[in-house]
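Let's have the full structure, built from the sequences with the hints guiding it.
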Amino acid sequence: MQSFAVQLRRMNSEFNRIAQEFAHAQGLHPTDMQALMAILDADADADADADGPSGGASGSP
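Going by this note's numbering, the sequence shown opens with residue 1287, and the numbers climb by one from there.
These are calculated hints, taken from the structure and not from any lab test.
Be aware that one or more of the hints could be misleading.
Label pairs and their computed distance ranges (CB to CB) [what the hints assert, rightly or not]:
1. Arg1295 with Met1323: 25 to 33 Å
2. Glu1300 with Ala1324: 28 to 36 Å
3. Ser1289 with Asp1337: 32 to 40 Å
4. Gln1312 with Val1292: 13 to 21 Å
5. Asp1327 with Ala1291: 21 to 29 Å
6. Ala1332 with Ala1305: 21 to 29 Å
7. Ala1328 with Asn1302: 15 to 23 Å
8. Ser1299 with Ala1330: 18 to 26 Å
9. Gln1306 with Ala1336: 31 to 39 Å
10. Gln1288 with Asp1333: 29 to 37 Å
11. Ile1304 with Ala1330: 27 to 35 Å
12. Ala1336 with Ser1299: 28 to 36 Å
13. Leu1314 with Met1287: 34 to 42 Å
14. Gly1313 with Phe1290: 33 to 41 Å
Predicted model, so just to flag it, every value in this text is computed and none were measured.
Cβ coordinates follow ideal geometry from the N, Cα and C atoms, glycine included.
See the structure below:
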């Protein structure tokens, strides 16, 4: 389990490095990228909620 946690932290560090490089290439600050990711995640969560059993097309009779 500890080795999995180490691998997960390494992978997270690599994702952060890639996001920072992308932000720099686009002329953005890393916190701008974090904000964009939060917005995209919120949109994805809203879409998933709409498709769930309590709403959306699959919730219709």
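Evaluation of the provided hints:
{"no.": "1", "hint": "Arg1295 with Met1323: 25 to 33 Å", "verdict": "19 Å, violated"}
{"no.": "2", "hint": "Glu1300 with Ala1324: 28 to 36 Å", "verdict": "20 Å, violated"}
{"no.": "3", "hint": "Ser1289 with Asp1337: 32 to 40 Å", "verdict": "36 Å, holds"}
{"no.": "4", "hint": "Gln1312 with Val1292: 13 to 21 Å", "verdict": "31 Å, violated"}
{"no.": "5", "hint": "Asp1327 with Ala1291: 21 to 29 Å", "verdict": "23 Å, holds"}
{"no.": "6", "hint": "Ala1332 with Ala1305: 21 to 29 Å", "verdict": "22 Å, holds"}
{"no.": "7", "hint": "Ala1328 with Asn1302: 15 to 23 Å", "verdict": "20 Å, holds"}
{"no.": "8", "hint": "Ser1299 with Ala1330: 18 to 26 Å", "verdict": "23 Å, holds"}
{"no.": "9", "hint": "Gln1306 with Ala1336: 31 to 39 Å", "verdict": "32 Å, holds"}
{"no.": "10", "hint": "Gln1288 with Asp1333: 29 to 37 Å", "verdict": "36 Å, holds"}
{"no.": "11", "hint": "Ile1304 with Ala1330: 27 to 35 Å", "verdict": "19 Å, violated"}
{"no.": "12", "hint": "Ala1336 with Ser1299: 28 to 36 Å", "verdict": "34 Å, holds"}
{"no.": "13", "hint": "Leu1314 with Met1287: 34 to 42 Å", "verdict": "36 Å, holds"}
{"no.": "14", "hint": "Gly1313 with Phe1290: 33 to 41 Å", "verdict": "37 Å, holds"}
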